[in-house]
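Peer 1: Spelled out from the first residue to the last, the chains are:
There are 2 protein chains.
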Amino acid sequence: MNSQQTATLESLRARLEAALAARLPPPDAYPPRLHQAMRYAADGGKRLRALLVYAAGEALGVPLDALDAAAVSVELIHAYSLVHDDLPAMDDDALRRGRPTVHVAYDEATAILVGDALQALAFEVLAQDTPGAAAPAQRLAMVAVLAQAAGSRGMVGGQMVDIESEGRTIALAELERLHAHKTGALILACVQLAACAADGLAKARRQALERHGRALGLGFQIQDDVLDVEGSTEQLGKTQGKDRAQAKSTYVSLLGLTDAKRRATELFREADAALADFGSSAARLHQLAALIRQRRS
Amino acid sequence: MNSQQTATLESLRARLEAALAARLPPPDAYPPRLHQAMRYAADGGKRLRALLVYAAGEALGVPLDALDAAAVSVELIHAYSLVHDDLPAMDDDALRRGRPTVHVAYDEATAILVGDALQALAFEVLAQDTPGAAAPAQRLAMVAVLAQAAGSRGMVGGQMVDIESEGRTIALAELERLHAHKTGALILACVQLAACAADGLAKARRQALERHGRALGLGFQIQDDVLDVEGSTEQLGKTQGKDRAQAKSTYVSLLGLTDAKRRATELFREADAALADFGSSAARLHQLAALIRQRRS
Numbered sequence: 001m002n003s004q005q006t007a008t009l010e011s012l013r014a015r016l017e018a019a020l021a022a023r024l025p026p027p028d029a030y031p032p033r034l035h036q037a038m039r040y041a042a043d044g045g046k047r048l049r050a051l052l053v054y055a056a057g058e059a060l061g062v063p064l065d066a067l068d069a070a071a072v073s074v075e076l077i078h079a080y081s082l083v084h085d086d087l088p089a090m091d092d093d094a095l096r097r098g099r100p101t102v103h104v105a106y107d108e109a110t111a112i113l114v115g116d117a118l119q120a121l122a123f124e125v126l127a128q129d130t131p132g133a134a135a136p137a138q139r140l141a142m143v144a145v146l147a148q149a150a151g152s153r154g155m156v157g158g159q160m161v162d163i164e165s166e167g168r169t170i171a172l173a174e175l176e177r178l179h180a181h182k183t184g185a186l187i188l189a190c191v192q193l194a195a196c197a198a199d200g201l202a203k204a205r206r207q208a209l210e211r212h213g214r215a216l217g218l219g220f221q222i223q224d225d226v227l228d229v230e231g232s233t234e235q236l237g238k239t240q241g242k243d244r245a246q247a248k249s250t251y252v253s254l255l256g257l258t259d260a261k262r263r264a265t266e267l268f269r270e271a272d273a274a275l276a277d278f279g280s281s282a283a284r285l286h287q288l289a290a291l292i293r294q295r296r297s
Numbered sequence: 001m002n003s004q005q006t007a008t009l010e011s012l013r014a015r016l017e018a019a020l021a022a023r024l025p026p027p028d029a030y031p032p033r034l035h036q037a038m039r040y041a042a043d044g045g046k047r048l049r050a051l052l053v054y055a056a057g058e059a060l061g062v063p064l065d066a067l068d069a070a071a072v073s074v075e076l077i078h079a080y081s082l083v084h085d086d087l088p089a090m091d092d093d094a095l096r097r098g099r100p101t102v103h104v105a106y107d108e109a110t111a112i113l114v115g116d117a118l119q120a121l122a123f124e125v126l127a128q129d130t131p132g133a134a135a136p137a138q139r140l141a142m143v144a145v146l147a148q149a150a151g152s153r154g155m156v157g158g159q160m161v162d163i164e165s166e167g168r169t170i171a172l173a174e175l176e177r178l179h180a181h182k183t184g185a186l187i188l189a190c191v192q193l194a195a196c197a198a199d200g201l202a203k204a205r206r207q208a209l210e211r212h213g214r215a216l217g218l219g220f221q222i223q224d225d226v227l228d229v230e231g232s233t234e235q236l237g238k239t240q241g242k243d244r245a246q247a248k249s250t251y252v253s254l255l256g257l258t259d260a261k262r263r264a265t266e267l268f269r270e271a272d273a274a275l276a277d278f279g280s281s282a283a284r285l286h287q288l289a290a291l292i293r294q295r296r297s
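Protein chains in written order, with the numbering used here: chain A, 1 to 297; chain B, 1 to 297.
It should be emphasised that the hints constitute simulated quantities derived from the structure, not laboratory data. C-beta atoms are modelled at their ideal positions from N, C-alpha and C, and glycine is treated no differently. One or more hints might be untrue.
So, partial list: chain A residues that the calculated Cβ filter (under 8 Å) puts toward chain B [as the list claims (entries may be wrong)]:
hint: 1; residue: PRO26
hint: 2; residue: PRO27
hint: 3; residue: ASP28
hint: 4; residue: TYR30
hint: 5; residue: MET90
hint: 6; residue: ASP93
hint: 7; residue: VAL104
hint: 8; residue: VAL143
hint: 9; residue: GLN159
hint: 10; residue: GLU164
hint: 11; residue: ALA173
hint: 12; residue: LEU201
hint: 13; residue: LEU227
hint: 14; residue: VAL229
hint: 15; residue: GLY237
hint: 16; residue: GLN240
Derived SDA-like pairs: lysine to any residue, alpha-carbon spacing no greater than 25 Å straight-line [said to hold, decoys possible]:
hint: 17; chain 1: A; residue 1: LYS242; chain 2: B; residue 2: PRO136
hint: 18; chain 1: A; residue 1: LYS203; chain 2: B; residue 2: GLU108
hint: 19; chain 1: A; residue 1: LYS261; chain 2: A; residue 2: SER281
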């Protein structure tokens, strides 16, 4: 990665932060405790999902203005899911993004409501008519994509199976299905949201992007399993070694560390290969995939 | 109410049940535990919010086909909010709609996820292109209405203030503001959703409907406070006397039983008066308001 490319991913991240801050209700809006906690929950993170929306949109020639709402909405859904996943009744974690989780910094009831409100806001953001926003029918298609990815046949469904699987060994195929839901669905949604904003998109191009999103999502998850073993709590900003503590099946526990890493490498190669027909328009997607491949947290 | 009218409200309720059942994922869909629990949570209830969508739509001449998604989506939001409100960290209730609450019948993690998934489904349903559905721009407007009503500046915000207010006396104006958010916003949204599906709706008619929705929503809430004192657990299908047990300020605790009932009567009169210009097209709305006024649970 050369420094010019890094600067550009950085500028997209800055763009996301500004778009997000503008769409979160002011911290003093009624009720202030809730709105402050929402900002706390939405703060931080690598914003990889938003960057994927922007990068996929760039590959399709979609203006950034038409992607802001989608980029913000996936980050809101991601943030809400972390708040709820960390609850005592779920993964019961005290550390996230290097800070106390919302139910620790505030309280459990507030954390439940923060998650609920962030999810509602994600859809509200897609429905807002801002200058340069995608057309109404395109934004309605985005609502459909995001709701499916976030719902019971997507992310929430994966989280359910994840909890059901605690303390027992599951087969690799079952683990892959779990993760295709729990993390994969929302990552896939990022490229699909960008596709919603592209006029007259050819089916083959959409499918190629989806192949990219699926491979990237699964590679990302395997990396997560590897980092849970190899990383430190400080580096990760969340509790290290949690999978083993919760007796969860992971790619590392099922394949071993070496083969898990090999599988991740394969998937990142597949993700790159899926973009072959996009040529240089996919430069940002390749760059983002490289950033993900090299992540340490 | 004559029997013909009753039959018609009944037929709308049956319509809602069919539309809802068709939009909930099958109980054996992956993951089955989640989808069964979603159906358990969405089952039962008086469906007053859905009926209000249909009745308001009828007053505006909107075909029922264009209202089904909105009617289903408000019931999904309402159902999710009950599941989360009943959680141990929130109101901690074991009984709802005459049955064990979701976290009792299943477990707490499942209840959190059921609520999350029902909320996502509400927006997915609005985005679906079914035969006779409202136009895409109208459905996008519905997404905006529902997301705002359900979110931090609506229902979830009201729930936050409700929890913050436990154990302390609040002023009547503050109580009214709380309820305008906690229950009022979603009831108001019902008439606004119907308005979204009406082509070329005059502003005055929209505003009249909104006055109706606001008065009805507040009257409904005062009734709730009265029923919490006067009803029985068996009749209500939820724990009676909860407000006092949680030391919550209510219309009854602030105004006394007699004046609370008087205020509710006034509000129902206001709700009826708001419909004056609609003439006979508002017959169903009047009929529904009468049903609400007479409810015992």
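Peer 1: Hint by hint, work out which the structure violates, then give me just those numbers in ascending order.
Peer 2: 1, 2, 3, 6, 7, 11, 12, 13, 14, 15, 16, 17, 18 and 19
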